[in-house]
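Trainee: Starting from the two chains in their separate frames, assemble the complex, guided by the hints.
Chains as they are written, first to last, in our numbering: chain A, 1 to 786; chain B, 1 to 159.
No farther apart than 27 Å at their CA atoms in a straight line, the calculated lysine-lysine pairs in the BS3-like style are these: (1) Lys586/A / Lys611/A; (2) Lys558/A / Lys524/A; (3) Lys652/A / Lys154/B; (4) Lys147/B / Lys652/A.
It should be emphasised that the hints constitute simulated quantities derived from the structure, not laboratory data.
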Amino acid sequence: MSEHGTKGSKGDRMTWVGRAIRRLEDPALVTGQGRFTADLPATHWVRFVRSSVAAGRIAKIDAPKDAMVVTAADLKGIKKITPMLHKFNYKPVGQPILADRQVRFVGEPIAAVVGLSEAAAEDIAELVEVSIEETTPVIDARAALASGAPQVHAEAPGNVILEGRFKTPDFDAVWNGAHRIVTLEARSHRQNATPMEARAGHAAYDSSTGRVTLTCTTQMPHLMRTAIADVLAFPETDLRVIAPDVGGGFGQKMSLCAEYVVLVWLARKLKSVVAWTEDRRENLIAGFHARDQYITLEGAFDQNAKLIALKADIAANIGAYSCYPTTCGVEPLMAMAEMPGPYDVRQYQCLARGVITNTCTMAPYRGVSRPVITFTLERLMDKAASAFSIDPIDIRRRNLIDKFPYTSAMGLVYDEATYKRTLEMAVEAIDVPAFRARQQQARSKGRYLGIGFATFSERTGYGSPAFAARGMEITPGWETVILTVDPSGFVEARIGSSPHGQGLRTTLAQIIADEIGVTPDVIKVVHGDTDRSPYGWGTFASRSLVISGGATLIAAQKVRAKLIKIASHMLEAAAGDIVLEDGQAKVAGTDRAITIAKMAREAYHQSHRFKGEIEPGLTETGSYDPPGTFSNACHVAIVELDVETGRVTVEKFLVAEDAGKIINPMIADGQVHGGIAQGIGNALLEEIIYDESGGILTANLADYMPPTAHEIPPIELHHIETPSTNSITKAKGLGEGGCIGAPAAVVNAINDALAPFGVVIDEIPATPQRVRAALRNAEEVAKKTA
Amino acid sequence: MSEKTDITLTINGCAHAIKVEPRRTLADAIREDCGQTGTHIGCEHGICGACTVIVDGEPVRSCLMFAVQAAGKPIRTVEGLATGDALHAIQQAFMDHHGLQCGFCTPGFLMLAVGVLEREPDISDEELLDVLSSNLCRCTGYQNIIKAVRAAAKEMRGK
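Okay, chain B solo, but in the shape it has when bound (with noise of 0.2 Å):
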C-alpha cells in the first residue's frame, strides 16, 4: 500500500516530479504534494464536484481519479486560469454577476464551466444548466453562477 511510485505532474504548464503511493488521489497530489491548495476536496465521493479540475481538455472530479492516472497528461487548475495580473473571462464574470459567497466551491464551478464552453462555445442554455447541476454550491442558490457563466460564454465567444 504505502509503496510509492515516481510520476511528474504538469499543472499549468509546470512539471511537478513527485512520489506518491498508488492509491494517492489526483486531488491530494495537487494540493499537498504539488502544493496547489486553490483545488479544494468538499466530499471525496464524487458528488460535489469541488475539487473540479481540466486533465487533457475535459473537466474531472481530482478526488475520484488517482494521480498516477493524470502522469504525463496535462491539468489545468485554478491558478492557472488568470495571465499574470488579467482575469479570465470566467473569473471576471463570477465577480461582476456575484457567483460566489464562501469560495469554497468556486475553483470547481470555474473549471467545470471553463471546461465546457472551451469545448463548447455555443451551448444551450438548456444544457448549461445540466451541465453547472454536476456541481455543488451551497451560498449562492446558483442564479448568480448561471448568470455569470452565460456572460463568461458571450465574452469567450466574442474573442
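Just chain A, with the same shape it has in the complex (with noise of 0.2 Å):
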C-alpha cells in the first residue's frame, strides 16, 4: 500500500488507521473507469415537460399525435409521496408524480415524454403544449405567512405546515431582568447544493423475472427501493435499486425524486430499459433547493456580555411539497433544536415554521440549517461584542461551553469537545494583532481588509433516537456491515451506507485492516446495490465514518474474534497467543504462523474440524446506532473589500478543528475543504432567484455561481483529536464543518471591514450587489446628516 503523511500506532504497533493512505476509489475515476448513471445505454429516453408558470390549473396538454406522452391521468391510482412527521403540527401534504391538475412551481414535472433517442425526446418535448389557467403565486415566506396570501394547499391554511414551539421555564423572568437585549434580523436566500453531475435515472425492466433495476444518482440507494415500491404498491423484491458511482450529493440527492417513480413505472409498462438524464437548467429550477430562512434571533445578556436567554423566530421557505423521507422539517426544526450552537446558554425561547410557497421544493443541503443559525448566531455575537465594546474574540471566550458532558436548553447532550481551545488556537494562528495593524496601515491607503470569526458545534452521527425525536415516521439512524473473509482469503465488507466521494471504501478498509491483520488493498467495500449490501440509510449528515465505521468495527472485532478461535485450533495454541498482522495468525514469541486465506478456506471446506465449536464459513454482521458526537471548530476568515465594486475577496481561511480521532488525514482535510469552499460560495455568490411571478432568474451556472479556484483562498487546517466517548471507533463526523463555518466567518469578516461606514449586512450571500447598496445607504445617510 502506498501512503504519506503521519503515520498511524497503536502503543507501539503501526495501525492503518490515522494514516493519509491514498484511495481505493481513485485508479477508476482517474482512468475514466468510473460507472456513473448516464453512462448506461438505453432503449428509451425520457424528457420531461415542466411547469412554466408558479402556480395554476392545468387546463389542456396537447401533445403530437402517437407520441408516448405520460401525464397524471396515465398514473391514478398511484400514491402521492407523502412523507409524515407526528408532531409540530405537520400538515402532511402530496406531492403527486407528475402534476395533477394544479401546477405548484415552475420546474413541476407535469408529463413525461417518451423517444427512442434523448434528442427524439426532447424534440417531442418541445411539441407539447401545456395551457395553465394563471393564478396569483406566493413565493416569499413572510408574504405567505401574511393574511390573506394565496393558500398553496388547501391542507395548509396560512400555508403553515410545520410549527415547531419551545421555551424553557424561567424563559420570562431571566429575559425581563437581562442587562441588553442584541436584536438580529438575518436573512439566509435560497441556494442549490450543484452537484457537478446532475440527477439521472435509468430503470431496466427484466422480462425473465419481472424485476426492475433502477440505477439511479442517489445518496439513499435503500430508501429509494422501499418509497418507490410503496408508491407503486408493487413487492420491494421487484425492484433493485444501484447507485452507481455518484456525482457528489450534498444532500440534494437523499430525497425522492418523481422523476424515478416515473422512470420505474415507464419500464414495467413497456417492458423496457427507460433513462433519464437532468440537464442544469432542470436541476437549477426543480433539483431541489436549500436554505431559504428568515431568522429574527434576540439575545440578552447580563452586564458581563454573558448570554443569558436566547430567543429566536425561524420562518424557513419549504418549497411547494415536503421532500421524502426527512420532511420539511430537517431545516427548521434542526435549527430550533441547535440554535444555542456552541455556547452556553440556559433560557432558550424559538418559534419555528416550516411556510409552504410557489417555489421548488427544499431539501437537505451539507449542513442542514447549520450554516443558517450559525451565520445568524456569529453575527448576533459580533454584534453584541459591538454593543459592549468588547473584542469579538472575547465575547466568546465569555460564552462558550466548557464543561462535558452539557446538556443544551433544549436536551441535547453535547460530548466532549474543544470549543475555547481551538478558538484560541485559531486566534494564535492567525496572528490578530499583526492582522489589525495590518487592516490599519490598508485603511489609510483606502483598502478595506476584515476579520470575522466563526466558533460552532457541528452534531454528526446521531443515530434514530435524535430522528425520533422529532416524530419522524422514518429515523435513518443506524448502519449495518456484513463483513466476509471469502474461501480464498479475500476480504468483502458489504454497507448499507452509499458514500459518493468521501472515500468510505479506503477509511472502512483501513478500520477492517487493522483488526483482522491484513493490509487495506484486499478489502473490497460494496455499496448502493439493494441486492448487494445490508438495508441501510446511506450518506449524508456527517454520519457514514461514525456510523458504518463503528458497524464496521463491530463486524471485524467478531471476525477477528472468530479467526483466532480458528488459528487456536490449527496451530494448537492458546487464544492470547495470537496475533492477527501480515495477512496471518501468528503465535506470539514463535515462528508458528498460518494465512488467513488458509484459515478462511478450512471455515467453509472443513468446518467439521472445529467441533461444532465454531461456525461454519467466515461471514460476520456488524450493526450500529448511535447516539451521536459533536465536533467542533473555530473558522478564521481574512477578507479584502473593494468599496467600489462592492466584491469580496477571500484572502486567507483558517480551521481549528476537532473532529475526534482522524481515520485519514489526507481524506478529513479533503472533506473540510470542500466544505469551507461550498461555505464561501454560499457566502458570496451562491443564490437562487425568483422574480415575482415565480420565475427563476439563475437557470444556468454563468447565473448560479458556484465558485472557482479563483475564490478559494488557501486554507490553513490545525486539528485537536479528542476522542469521542460516543463512537466507538472515537471518530466524530467532519463532512458539513467546513459548510457550516465558513458563511459566518466570512460575513463577520466582511461587516469588519465594513466598520469605518458604519453599516452591517447580515444577508446571505453577500454579493457584490448587496454590499454596493449597503455602503450606498451610508453614503446617503451621511450627506443628510452633512
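Mentor: Have a look at this one:
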C-alpha cells in the first residue's frame, strides 16, 4: 500500500487507522473507468415537460399524435409522495408524481415524453403544449405568512405546514432581568447544492424475472427502493436500486425524486430500458433547493456580556411540497434544536415554522440549517461584542461551553469537545495583532480588510433516537455491515451506507485492516446496490464514518474473534497468544503462523474440524446506532472588500478543528476544504433568484455561480483530536463542518471591513450588489447628516 | 434536423466511423456513438468544463463543439492518458494529492491540465490558477487540484 503523511500507531504497533493512505476509489476515477448513471445505454429516453408558471390550473395538454406522453391522468391510482411527521402540528401534503390538475412551482413535472433517443424525446417535448390558467403565486416566506396570502395547499391553511415551539420555564423572568438585549434580523437566500453530476435515472425491466433495476444517482438507495415500491404498490423484492458512482450529492440526492418513480413505472409498462438524464437548467430550477430562511434572533446578556437567554423566530421557506424522507422539518426543526450552538445559555425560546410557497421543494443541503443558524448566531455575537465594546474573540471566550457532558436548554447532550481550545488555537495561528496593524495601514490607503471568526458545534453521527425526537416516521439512524472473508482469503465488506466521493471504501478498509491483520488493498467495500448490500440509510449528515464505521468495527471485531479461534485450533495454541498481522495468524514469540487465506478455506471447506465450536463460514454482521457526537471548530476568514465594486476577496481561511479520532488525515482535510469552498460560495456568490411571478432568473451556471479556483484562498488547517466516547471508533463526523462555519466567518469579516462606514450586512450571500447597496445607504445617510 | 452525416472521429488514436446529426455535440458523440464514457457532461452550456477533451492539441469544451467540427482531427480523452497500466503523471498526481473526491469533474480537469502543461510547461502559478478557474469542482475546494497540477507540471518538465 502506498501512503504518505502521518503514520498511525497503537502502542508500539503500526496501524492503518490514522494514516493518509491514497484512496482505493481513485484508480478507476482518474482513468475514465468510473461508472455513472448516464453512462448506461437505454432503449427509451424520457424528457419531462415542466411547468413554466408558478401557480395555476392545468386546462389542457396537447401532444403530437402518436407521441408517447404520460400525464397524471395515466398515473391514476398511484399514491402521492407524502412524508410524515407526528409532531409539531405537521400538515401532511401529498406531492403527485406528475402535476395533477394544479401546478405549484416553476419546474414541476407535468408530463413525461418518451422517445427512442434523448434528442428525439427533447424534440417531442418541444411540441407538447400545456395551457395553464394562472393564479397568483406566493414566493416569499413572509409574504406567504401574511393574512390573505394565496393558499398553496388547502391542507395547510395560512401556508404553515409545521410549527415548532419551545420555551424554558424561567425564560420570561431571565429575559426581563437582562442587562442588554441585542437583536438581529438575518436572511439567508435560496441556494442549490449543485453537484457536478445532476440527477439521472435508468430503469431496466428484466422480462425473465419481472424485476426492474433502477440505477440512479442517489445517496439513499435502500430507501429509494422502499419508497418507490410503496408509491407504485408492488413488492419491494421486484425492484433493485443501484447507486453506481455518484457525482456528488451534498444532500440534494437524498430525497425521493418523482422523476425516478415515473422511470420505474414506464420500465414496467413498456417492459423496456428507460433513462432520463437531467440537464443543468432542470437541476437548478427543480432539483431541490435549500437554505431559504428568515431568522429573527435576540440575545439577552448580563452586564458581563454573558448570554443568559436566546429568543429565535425561524421562518423556513420549504417550497411547494415536503421532501421525502426527512420532511420539510429537516431545516426548521434542526434550526430550533441547535440554535444555541456552542454557547452556554440556559434560557431559550423558539418558534420555528415551515412555510409552503410556490417555489421548488426544499431538501437537505450540506450542513442542513446550521450554515444559516451559525451565520445568524455568530453575527449576533459580533453585534453584542460591539454593543459591549469588547473584542469579538472575548465575547466568545465568555460564552463558549467548557464543561462536559453539557446538556443544552433543549436537552441535547454534548459530548466532550474543545470549543475554547480551538478558538484560542485559531486566534494564535492567525496572529490577530499583526492583522489589526495591517488592517490599519491598509485603511489609510483606502483598502478595506476585515477579519471574521466563527465558532460552532457540528452534531454528527446521530442515530435513530435523534430522528425519533422530531417525530419522524422514518428514522434513518443505524447502519449495518456484513463482513466476509471468502474461501480464497479476500475480504469483502458489504455496507448499507452509500458514499459518493467521501472515500469511505478507503477509510472502512483501514478500520478492517487493523482488526484482522491484512492490508487495506485486499479489502473490497461494496455499497450502493440493494441486491448486494444490507439495508441501510446512506451517506448524509456527517454520519457514515461514525455509524457505518462503527458497524464495520463491530463486524471486524467479530471476524477477528473467529479468526483467533480458528487459528488457536489450527496452530494448537492459546487464543491469547495469537496475533493477527501481515495476512497471517501468528503465535507470539514463535515462528508458527498460518495465512488468513488458509484459515478461511478451512472455515468453509473443513468446518467439521471445529467440532461445532465455530459456525461454518467466515461472515459476521455488525450494526450500530449511536447517540451522536459533536465535532467543533473555529473558522477565521480574512477578506478584502473593494468599496467601489462591492466585490469581496477571501484572502486567507484558517480552521482549528476537532473531529475526534481521524481515520485518514488526507481524506479528512479534503472534506474540510470542500466544505469551506461551498461555504464561501454560499456566503458570497450562490443565489437562486425568483422574480415576483415565480420565474427563476438563475437557471444556468453563469447566473448561479459556484466558486471557481479563483475564489477559494489557501486554507490552513489545525487539528485537535478529542476521542469521542459516543463513537466506538472514537471518530466524529466532519463532512459538513466546512460549510457550516465558513459563511459566518466570511460575513463577520465583511462586516469588520465595513466597520468604518457604519453599515452592516446580515444577509447571505453577501453579493457585490448587496455590499454596494449597504455602502450607498451609508453614503446617503452621511450626506443627509452633513 | 435528423439527417445524419458520416464522419470519422479519431479518439486516442482509434478511428470511429459514425453517423451523426449535424446538431450532435462532440460530447454526446464521444460518449454515446463512440462509447467512451470517461468524458462527462456537467452543464451543456460551456461553464463547468467537465466535458473538456483535447482536440488538435487544444483543450476544448466538447459540449460546445459539434461532432462534425471534430471530424478528422485528433481527439484525446481521459481514457487515452495512461500508457497501459502506467498512469500519466497528472493521474498519479491527482491521486497523490487527493485532487478528486466524487471524480465526476476529474476527467475534465485532467484534460484541461494536460493540454495546458503540454503547451506551456513552465506556466506560472498565477497563470495556472487562471486556467484551472475555467472548470468547476464542487467537492475538493480546488487547493488539492492546484497542488496536483503543480506536482504534475514538475514531473512532466523533468521528463
